[in-house]
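Q: This is what each chain is made of:
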Amino acid sequence: MLQIENLTKIYRGGKVAVDQLNLEIQQGEFIAFIGTSGSGKTTALRMINRMVEPTSGKMMLNGKDITKMNAVTLRRSIGYVIQQIGLMPHMTIRDNITLVPHLLKWSKEKKDETARRLIELVNLPPSYLDFYPSQLSGGQQQRIGVLRALAANQDIILMDEPFGALDPITRDTLQDLIKDIQLRLNKTIIFVTHDMDEAIKLADRIAIMHEGKLIQFDTPDNILANPANDFVKEFIGSHRLIQQKPNVKTVDEVMIKPISITIEKSIDEAIRLMVEKRVDTLFVTDGDNRLQGYLDVEGFTGARRTMKSISEVYEKDVFYVKTGSKLQDSVRRILKRNLKNIPVVDEEHRLVGLVTRANIVDIVYDTIWGDEEPAAATKEEAAGIAVIEELIAQ
Amino acid sequence: MIAFFIENSSEILLKTWEHFYISMIALLLGVLCAVPLGIILSKTKWLSKIVLNITSVLQTVPSLALLALMIPFFGVGKVPAVIALCIYSLLPILNNTFIGMRSVNENTKGAGIAMGMTNLQSIILVELPLAIPVIMSGIRLSAVYVISWATLASYIGAGGLGDFIFNGLNLYQTELILGGAIIVTLLALLADFILGKLEKFVTPKGLRLEGGRTS
Chain A
1 MLQIENLTKI
11 YRGGKVAVDQ
21 LNLEIQQGEF
31 IAFIGTSGSG
41 KTTALRMINR
51 MVEPTSGKMM
61 LNGKDITKMN
71 AVTLRRSIGY
81 VIQQIGLMPH
91 MTIRDNITLV
101 PHLLKWSKEK
111 KDETARRLIE
121 LVNLPPSYLD
131 FYPSQLSGGQ
141 QQRIGVLRAL
151 AANQDIILMD
161 EPFGALDPIT
171 RDTLQDLIKD
181 IQLRLNKTII
191 FVTHDMDEAI
201 KLADRIAIMH
211 EGKLIQFDTP
221 DNILANPAND
231 FVKEFIGSHR
241 LIQQKPNVKT
251 VDEVMIKPIS
261 ITIEKSIDEA
271 IRLMVEKRVD
281 TLFVTDGDNR
291 LQGYLDVEGF
301 TGARRTMKSI
311 SEVYEKDVFY
321 VKTGSKLQDS
331 VRRILKRNLK
341 NIPVVDEEHR
351 LVGLVTRANI
361 VDIVYDTIWG
371 DEEPAAATKE
381 EAAGIAVIEE
391 LIAQ
Chain B
1 MIAFFIENSS
11 EILLKTWEHF
21 YISMIALLLG
31 VLCAVPLGII
41 LSKTKWLSKI
51 VLNITSVLQT
61 VPSLALLALM
71 IPFFGVGKVP
81 AVIALCIYSL
91 LPILNNTFIG
101 MRSVNENTKG
111 AGIAMGMTNL
121 QSIILVELPL
131 AIPVIMSGIR
141 LSAVYVISWA
151 TLASYIGAGG
161 LGDFIFNGLN
171 LYQTELILGG
181 AIIVTLLALL
191 ADFILGKLEK
201 FVTPKGLRLE
211 GGRTS
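These protein sequence lines map, in sequence, to chains A and B. The first sequence: position 257 = 257 (full-length UniProt numbering), numbered continuously. The second sequence: position 135 = 135 (full-length UniProt numbering), numbered continuously.
The set of hints was computed from the structure by calculation and includes no laboratory data. Do not rely on the hints blindly, as some may be mistaken.
Think about it this way: if two alpha-carbon atoms lie no more than 25 Å apart in a straight line, the pair counts; the simulated BS3-like pairs of lysine-lysine are [what the hints assert, rightly or not]:
no.: 1; chain 1: A; residue 1: K58; chain 2: A; residue 2: K68
no.: 2; chain 1: A; residue 1: K213; chain 2: A; residue 2: K15
no.: 3; chain 1: A; residue 1: K105; chain 2: B; residue 2: K109
no.: 4; chain 1: A; residue 1: K340; chain 2: A; residue 2: K316
no.: 5; chain 1: A; residue 1: K316; chain 2: A; residue 2: K257
no.: 6; chain 1: A; residue 1: K105; chain 2: B; residue 2: K205
no.: 7; chain 1: A; residue 1: K111; chain 2: B; residue 2: K205
no.: 8; chain 1: B; residue 1: K109; chain 2: A; residue 2: K111
Computed footprint of chain B on chain A; a stretch qualifies when at least three of its residues, placed anywhere within it, have a C-beta under 8 Å from a C-beta of chain B [to be verified]:
no.: 9; region: 68-76
no.: 10; region: 89-96
no.: 11; region: 129-139
One-sided and incomplete, this derived list gives chain A residues near chain B with beta-carbon spacing under 8 Å [unchecked claim]:
no.: 12; residue: V52
no.: 13; residue: T55
no.: 14; residue: G86
no.: 15; residue: L99
no.: 16; residue: V100
no.: 17; residue: L103
C-beta: ideal position from N, C-alpha, C; glycine also.
Use the sequences and the hints to build the structure in full.
A: Structure below.
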């Protein structure tokens, strides 16, 4: 859907920001441009919506030459999310979301309907539509920033380090959200980042840029398996190359059977089950074994006297991974969110397994020392040990 | 003093009204010239330097001299007074419009353009609403200036409350001077108060909430 040929940007003064960039992006792909600062990734992105005019080269969007289109019309057809969020402080959330539809002169009913439909997409209540940006937290504001880029059914969305200014947990949540939206709505997203973890997690293909040139453009797996050169290797970092080994595995291979309890049982039954199985966490499921939440022994001992059933005390906010996802993703989540373990669910949200910290430590051990003679610690081993130490420390 | 207000009540009302409308017409013309000019200047750097310098120089001309200068061109009466006062009201409004437009956050402006706003849409939908509080404080400042300087307009035959003060000076009647001055001051305070309310009213709600996070 987007072909970029020999795209070059030379700034006044002769600095070559982007040098002969060639890319072809398919509909529905999630592409990450990654590189150090000054690598030309942001310039390349901003040329696509002509916020920066290219010096030479050709860009074709759905068969139309971008450089020959009217810049204003073009920008209304391309979503854009920036790191600084850039919501209009004097407009309500509703008006912010429907800014592009407003420019396109949609009717009021259609705009209202769009705003209501979209805000649910990012798990915010419709009452927020009448709020102003200053009443929202940074993470909530960026959710609105993302919606603004979707509101006029733009099928290609550019994102310039959209989560760079957010704290790690908010960033992680928004990454999941954006990936989910992208898959659900089949959007094409081009994403600029300098965070390799973010790129690996989100992108279908990663474009690694250095000094204006495209060094490697491939899937995360292929880049991790076959880095094009030493620069890419260094950029990825040795700790990721080692993580990649166990990560060829999926969570299904290492998960254990979780201890679960159905939601209508009493607290006494839950405690008996915990004692019997010697666990401190029970996963709460409904009749169809669908994951509803979890019970933590610390969380409800106090409530035991006053509450009778599990439905009153269980924790609904539960982080999970889908079956078939890479082990690396769950390692990252466990580390980032400081979790003890993470449940695995299938497509219908049924609880099928559990990955714990202990599991992961085993796997990392196996991969590094499993079939090797104990020898002097190599660089790779050192990285592996660091992962284990991090796991144990928390 | 009280006797002065009672004896001259009808004349006081008339002069106050005169004073008020000379000032307001001058201010209105000032706003109509200065706000659009300020917007244009905020878009053209080289021009802004020249124009802002010229208006600063105009501002330094003593007000009485400026009024006197009007006589050869426009004669005496209300018209030259309004023109002179209008020139005086320009600088604070122009300056504040310029500063207000320039201080709109670059990211906010950039986001608007990236969403596909034309330059005109960016001015109307983004920059002007965000610059409104600064522009309004310039207008308030000008209003107070213009009302107090309109006193001098009486000197070139424009009427207004200045008549009382000048008569008082000529006839050596303190109550005329005081009475005129008090009403001018009250008028200036009133104008400032009303424009203050207007400023609150036209400031977009989202800006008034700034900093007050509720969630």
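Q: Which of the numbered hints are not met once you compare them with the structure shown?
A: 12, 13
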